[in-house]
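Student: The residues making up each chain are set out below.
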Amino acid sequence: MQTQHVAKNKILGQTPKDPTHERRAVDAIVRAADEIPFYSKRGGVARGLTLAQTLSSMPLLFKKDVRAALPKAWVSKDRDARAELESGALELVETSGSTEERLRILWDKGWWLRQEARAMRTNALVARAMDSVGSPYKEAILTTPVCGGGVCHTGDLTFEERLDDPHLFLNMRPDPTFWGALDMTRMLDELARHKTVGLEADPAYLAALAEHAHQHGRKIEVGGFVQLTYAQTTQAHLRSIRRAYAGPIFQLYGASEVGVLFMQGEDGWLHHAPITTHVELLRAKVPTPGSVDVALVVVSTLDRAAQPLLRFVVGDLVSVANEAPARFTTVPALRSVEGRLQDAVVRPDGAIVTCAAIDRALATIEGLVQFQLQQREPAAVEIDVVSRGDVNADVKRALDPLLLGVRLEVRSATAIAAEASGKFRVVRRSFPIDVHAAFEVLQS
Amino acid sequence: MSVDDRVRGEFPLLSRMLNGERLVFLDSASTTPKPRVVIDAVRDYYERVTANVHRGVHALGEEATDLYEAARLEVASLINASPSEIVFVRGTTEAINLVAHGMGLGPEDEVVFPESEHHANWLPWRVRARPVPVPIDADGLPQWDRFESLLGPRTKLVAVGHVSNVTGAIAPLARIVELAKKKGVPVLVDAAQSISHLPIDVRALGIDFLAASSHKAFGPSGVGFLWAKRELLDRLALYQVGGGMVSLNEELDGRFVPRDAPFRFEAGTPAIEATIGMGAAIRFLRSIGLGAVREHDEQLGAYMLDRLRKVSGVRVLADGLPMTERIALATIVVDAPGMTQENIARALSDTFGVCVSGGFHCAHVLHARAKLDGTVRASPHVFNGEQDVDRLVDGLTQIVG
Numbered sequence: 000m001q002t003q004h005v006a007k008n009k010i011l012g013q014t015p016k017d018p019t020h021e022r023r024a025v026d027a028i029v030r031a032a033d034e035i036p037f038y039s040k041r042g043g044v045a046r047g048l049t050l051a052q053t054l055s056s057m058p059l060l061f062k063k064d065v066r067a068a069l070p071k072a073w074v075s076k077d078r079d080a081r082a083e084l085e086s087g088a089l090e091l092v093e094t095s096g097s098t099e100e101r102l103r104i105l106w107d108k109g110w111w112l113r114q115e116a117r118a119m120r121t122n123a124l125v126a127r128a129m130d131s132v133g134s135p136y137k138e139a140i141l142t143t144p145v146c147g148g149g150v151c152h153t154g155d156l157t158f159e160e161r162l163d164d165p166h167l168f169l170n171m172r173p174d175p176t177f178w179g180a181l182d183m184t185r186m187l188d189e190l191a192r193h194k195t196v197g198l199e200a201d202p203a204y205l206a207a208l209a210e211h212a213h214q215h216g217r218k219i220e221v222g223g224f225v226q227l228t229y230a231q232t233t234q235a236h237l238r239s240i241r242r243a244y245a246g247p248i249f250q251l252y253g254a255s256e257v258g259v260l261f262m263q264g265e266d267g268w269l270h271h272a273p274i275t276t277h278v279e280l281l282r283a284k285v286p287t288p289g290s291v292d293v294a295l296v297v298v299s300t301l302d303r304a305a306q307p308l309l310r311f312v313v314g315d316l317v318s319v320a321n322e323a324p325a326r327f328t329t330v331p332a333l334r335s336v337e338g339r340l341q342d343a344v345v346r347p348d349g350a351i352v353t354c355a356a357i358d359r360a361l362a363t364i365e366g367l368v369q370f371q372l373q374q375r376e377p378a379a380v381e382i383d384v385v386s387r388g389d390v391n392a393d394v395k396r397a398l399d400p401l402l403l404g405v406r407l408e409v410r411s412a413t414a415i416a417a418e419a420s421g422k423f424r425v426v427r428r429s430f431p432i433d434v435h436a437a438f439e440v441l442q443s
Numbered sequence: 000m001s002v003d004d005r006v007r008g009e010f011p012l013l014s015r016m017l018n019g020e021r022l023v024f025l026d027s028a029s030t031t032p033k034p035r036v037v038i039d040a041v042r043d044y045y046e047r048v049t050a051n052v053h054r055g056v057h058a059l060g061e062e063a064t065d066l067y068e069a070a071r072l073e074v075a076s077l078i079n080a081s082p083s084e085i086v087f088v089r090g091t092t093e094a095i096n097l098v099a100h101g102m103g104l105g106p107e108d109e110v111v112f113p114e115s116e117h118h119a120n121w122l123p124w125r126v127r128a129r130p131v132p133v134p135i136d137a138d139g140l141p142q143w144d145r146f147e148s149l150l151g152p153r154t155k156l157v158a159v160g161h162v163s164n165v166t167g168a169i170a171p172l173a174r175i176v177e178l179a180k181k182k183g184v185p186v187l188v189d190a191a192q193s194i195s196h197l198p199i200d201v202r203a204l205g206i207d208f209l210a211a212s213s214h215k216a217f218g219p220s221g222v223g224f225l226w227a228k229r230e231l232l233d234r235l236a237l238y239q240v241g242g243g244m245v246s247l248n249e250e251l252d253g254r255f256v257p258r259d260a261p262f263r264f265e266a267g268t269p270a271i272e273a274t275i276g277m278g279a280a281i282r283f284l285r286s287i288g289l290g291a292v293r294e295h296d297e298q299l300g301a302y303m304l305d306r307l308r309k310v311s312g313v314r315v316l317a318d319g320l321p322m323t324e325r326i327a328l329a330t331i332v333v334d335a336p337g338m339t340q341e342n343i344a345r346a347l348s349d350t351f352g353v354c355v356s357g358g359f360h361c362a363h364v365l366h367a368r369a370k371l372d373g374t375v376r377a378s379p380h381v382f383n384g385e386q387d388v389d390r391l392v393d394g395l396t397q398i399v400g
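Which chain is which? The protein sequence lines are A and B, in order.
Okay, so the first sequence: first residue is 0 according to numbering that gives the first Met the number 0, each after it adds one.
Okay, so the second sequence: first residue is 0 according to numbering that gives the first Met the number 0, each after it adds one.
In case anyone wonders, no lab produced these hints; they're calculated from the structure.
Incorrect hints may appear among the rest.
[To be verified] On the chain A side, residues computed to face chain B include the following (Cβ under 10 Å):
hint, residue
1, V92
2, R101
3, F168
4, P173
5, V385
6, D389
[Claimed, not checked] Result set (SDA-like, lysine to any residue): computed pairs, CA atoms no more than 25 Å apart in a straight line:
hint, chain 1, residue 1, chain 2, residue 2
7, B, K228, A, S411
8, A, K63, B, E62
9, B, K180, A, K422
10, A, K63, B, T49
11, A, K395, B, E62
12, A, K422, B, F262
[Unchecked claim] Which chain B residues face chain A? A few, computed with CB under 7 Å, are given here:
hint, residue
13, E20
14, E68
15, L72
16, S76
17, N79
18, S83
19, S220
20, G221
21, R229
22, D372
23, G373
Glycine included, each C-beta is placed from N, C-alpha and C at the ideal position.
Start from the sequences and build out the full structure, keeping to the hints where you can.
Tutor: Here it is, written out as structure tokens:
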């Protein structure tokens with residue numbers, strides 16, 4: 000990440016509200032619809048409309064639609080996708096996830112790092128940590144080294160080989176179940192050696208490391224902040240992390256396809272990151288027990304020349320914080336990220352129980368370390384539980400009220416499997432849900 | 000409803016007739032029948048997935064890998080281990096051979112194990128090290144009071160069958176581990192016979208290696224697993240090399256970097272469908288609950304021993320061993336003039352529809368020490384009830400009579 004190239008605000012740590020957000024959004028959408036073959040083949044978008052009118056004139060864009068198109072459909076006709084990919088001006092990125100989730104995405108060179116740094120800086124504390132004079136910003140990254148469909152690493156690498164200053168990549172194993180005590184101690188040592196200011200971590204990975212640190216009387220040595228991203232953070236993750244780290248923790252929520260969408264502010268709310276996207280929050284039409292103001296995230300990218308995505312259904316659910324101010328754009332702030340729609344439990348009565356709702360219901364079960372629900376059919380859910388001590392009865396008691404009409408079986412497990420992507424899922428549902436039936440979709 | 004009544008219908012094999020008689024399957028120590036969920040899991044893989052694991056980046060390859068790795072989790076949870084400590088192999092025999100090879104034993108290195116062991120836990124030590132057997136008595140039971148004296152400075156491993164495949168005796172693992180640890184000797188447990196009968200917690204037991212097969216635990220043949228403590232797995236020499244176990248192979252300098260355990264020991268395309276079936280079998284077993292299995296085992300075992308010992312001309316091996324120290328398994332010597340023990344087992348099958356084992360059960364030394372020219376072994380499991388034992392006893396009574 001070339002953070003030094005990101006223009007700093009005049010007042011350190013403050014990002015202004017963007018008064019042009021909606022106009023910029025309309026312009027970007029109209030431009031993309033005109034210039035990008037994928038959209039222009041479907042017919043352009045009328046000009047002179049409001050943002051809401053513009054959006055409602057377009058269909059939702061699903062991952063299967065994006066997957067079906069080759070890279071050349073996603074760049075304007077005056078660009079040569081093949082040549083730009085060869086020169087590195089364009090990057091082809093494989094997103095993670097199952098086959099239904101995975102996409103190949105084009106990024107303009109440097110786009111990800113630019114927009115990520117911009118989003119992080121919307122949090123004043125993070126911005127100050129990144130800009131500290133006299134002590135250079137050092138970041139460590141703790142996630143899987145698995146990329147795309149294969150394992151990227153080839154044997155163990157030295158500290159120097161994993162250092163792309165100011166970034167240090169800590170992990171060399173496919174997922175934390177492969178960590179031994181030596182791996183974890185090395186990572187703790189390296190956090191200190193790197194003089195880490197910011198740690199960007201998958202919560203499941205950091206939780207495992209924090210448990211090891213706690214058991215050995217160590218701390219997660221991070222001078223500035225921890226930023227949790229890549230996957231859903233559970234209460235159990237936070238409990239584990241807090242055993243070994245007392246500093247500020249923020250959530251950063253985004254997706255490889257569209258960039259960072261929301262960054263948690265010092266006030267605790269997740270605020271929409273300006274410039275990069277416009278976000279529609281489609282309210283749920285069905286009950287969402289355990290969660291309030293649940294919405295489905297739909298994104299239009301505004302700063303992508305290659306592969307702009309318009310009304311793209313990211314597939315995540317969030318809880319909208321109506322009481323919080325919209326800080327940087329007109330997009331409302333969020334109370335929480337509720338997990339993927341694909342991973343929510345759908346009851347026989349149509350109600351959606353989000354990953355976060357399930358996690359909140361289990362939050363007070365002290366011995367609970369990790370869990371995963373499987374819903375293979377509408378009326379039955381199985382939950383695998385990794386715990387200290389037997390908590391199965393507590394888990395059943397906590398979840399039964401949320402899962403009305405669903406038969407719940409609780410099983411003890413020694414571990415939860417990571418996906419091929421190295422990420423952990425809280426819920427796996429094996430049947431689809433109709434988005435149009437469950438959410439209020441803006442349509443003309 | 001008793002547990003056997005609850006689960007019997009899950010086994011298609013048990014509805015088969017044998018020469019006009021309802022099949023009574025009492026040979027689970029050889030291999031267990033397979034429940035419908037295991038058959039479905041294997042068929043589903045063929046019909047819906049069929050792809051290699053850890054290689055294909057296409058959808059089917061990912062699904063196959065998911066199913067395959069889910070089996071590793073089931074195994075890990077069954078024995079309270081980490082999935083990264085579970086190596087898939089062809090079965091218990093290969094697991095023990097992997098350890099025997101991987102430890103780099105030499106002819107002067109001693110391995111202590113009971114004389115009653117199955118060949119799978121005898122021959123690897125005979126071939127690669129110096130075997131030091133714990134003597135057994137006339138009933139084939141190890142004389143554990145002599146065990147400690149056999150541990151010496153050259154002892155590199157203690158290898159013990161958790162449950163004897165001949166007597167059904169449960170080894171006193173806690174005491175064995177305590178004595179071995181006092182001498183700093185690692186302990187390998189052959190769990191082929193115990194994995195589907197007894198709750199096993201490798202951490203609580205304090206053991207170092209555990210080997211088991213799928214086919215004696217309701218899963219398909221041709222697959223099993225080795226569990227080892229992570230640090231021991233990291234030290235074991237590679238048993239075989241090839242595709243899938245390497246993360247880097249450099250042509251010029253001849254260097255190659257194996258993947259992390261367990262994958263470093265899983266060269267070549269594995270028994271994918273069998274492994275997936277093993278995962279389904281363990282799910283099935285866990286859904287019944289090992290506690291319930293053990294309870295059923297003790298009740299049915301007591302009933303079986305009680306009925307067998309009342310048949311004149313039948314001698315039960317290790318008859319005095321209480322049910323708390325054995326599983327529901329009875330090895331008997333049947334006195335039927337002119338008939339070998341194999342003849343008797345065959346007659347039980349052909350005439351009464353009762354399937355049992357007859358012969359030496361891969362334990363030649365035990366039979367030699369006990370001066371037995373073969374035995375008949377009845378080994379019920381959770382799907383068997385008293386009516387099955389009654390059929391066995393009726394058959395034996397008629398044969399002996």
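Student: It remains to establish, for every hint, whether it holds in the given structure.
Tutor: How the hints compare with the structure:
1. Violation of the interface hint for V92(A) is found here, the shortest Cβ-Cβ separation to chain B being roughly 15 Å, above the 10 Å cut-off.
2. The closest approach between the C-beta of R101(A) and any C-beta of chain B is roughly 9 Å, which is under the 10 Å cut-off, so the hint is satisfied.
3. Look at F168(A): its Cβ only gets to about 16 Å from chain B, farther than 10 Å, so that hint breaks.
4. At a threshold of 10 Å, the smallest CB-CB gap from P173(A) to chain B is about 7 Å, leaving the interface hint in force.
5. Satisfaction of the interface hint for V385(A) is found here, the shortest Cβ-Cβ separation to chain B being roughly 9 Å, below the 10 Å cut-off.
6. A hinted interface residue such as D389(A) counts as satisfied when its beta carbon comes closer than 10 Å to some beta carbon of chain B; here the least separation is about 12 Å, so the hint is violated.
7. Our distance criterion of 25 Å between C-alpha atoms is met by K228(B) and S411(A), whose separation comes to about 21 Å.
8. Only pairs whose Cα atoms come within 25 Å are accepted, and K63(A) paired with E62(B) is accepted, the gap being roughly 18 Å.
9. Simply put, K180(B) and K422(A) have alpha-carbon atoms about 38 Å apart, too far for the 25 Å limit, and the pair is violated.
10. With a C-alpha separation of about 23 Å, the suggested pair K63(A) and T49(B) falls inside the 25 Å cut-off, and the hint holds.
11. As the CA atoms of K395(A) and E62(B) are separated by approximately 29 Å, the hinted pair breaks the 25 Å bound.
12. With a C-alpha separation of about 19 Å, the suggested pairing of K422(A) with F262(B) holds against the 25 Å cut-off.
13. Given hint, E20(B) at the interface with chain A, is violated; its Cβ is 37 Å from that chain's nearest Cβ, farther than 7 Å.
14. Because the closest C-beta pair between E68(B) and chain A is about 6 Å apart, less than 7 Å, the hint holds.
15. For L72(B), the interface hint holds, since its Cβ comes within 7 Å of a Cβ in chain A; the closest pair sits about 5 Å apart.
16. Below 7 Å, beta-carbon pairs count as interface contacts, and S76(B) has one with chain A at about 4 Å; its hint therefore holds.
17. Taking 7 Å as the C-beta contact cut-off toward chain A, the hint placing N79(B) at the interface holds, the least distance being around 6 Å.
18. Annotation: interface hint on S83(B) holds; nearest CB of chain A at approximately 5 Å, less than 7 Å.
19. The criterion of a C-beta within 7 Å of any C-beta in chain A is not met by S220(B), whose closest approach is roughly 25 Å, and the hint is violated.
20. Checking G221(B) against chain A by beta carbon gives a least distance of about 23 Å; that is not within 7 Å, so the hint is violated.
21. Hint on R229(B) holds. Least Cβ distance to chain A is approximately 5 Å, under the 7 Å limit.
22. The criterion of a C-beta within 7 Å of any C-beta in chain A is not met by D372(B), whose closest approach is roughly 45 Å, and the hint is violated.
23. With a least beta-carbon distance of about 42 Å to chain A, the hint placing G373(B) at the interface is violated under the 7 Å criterion.
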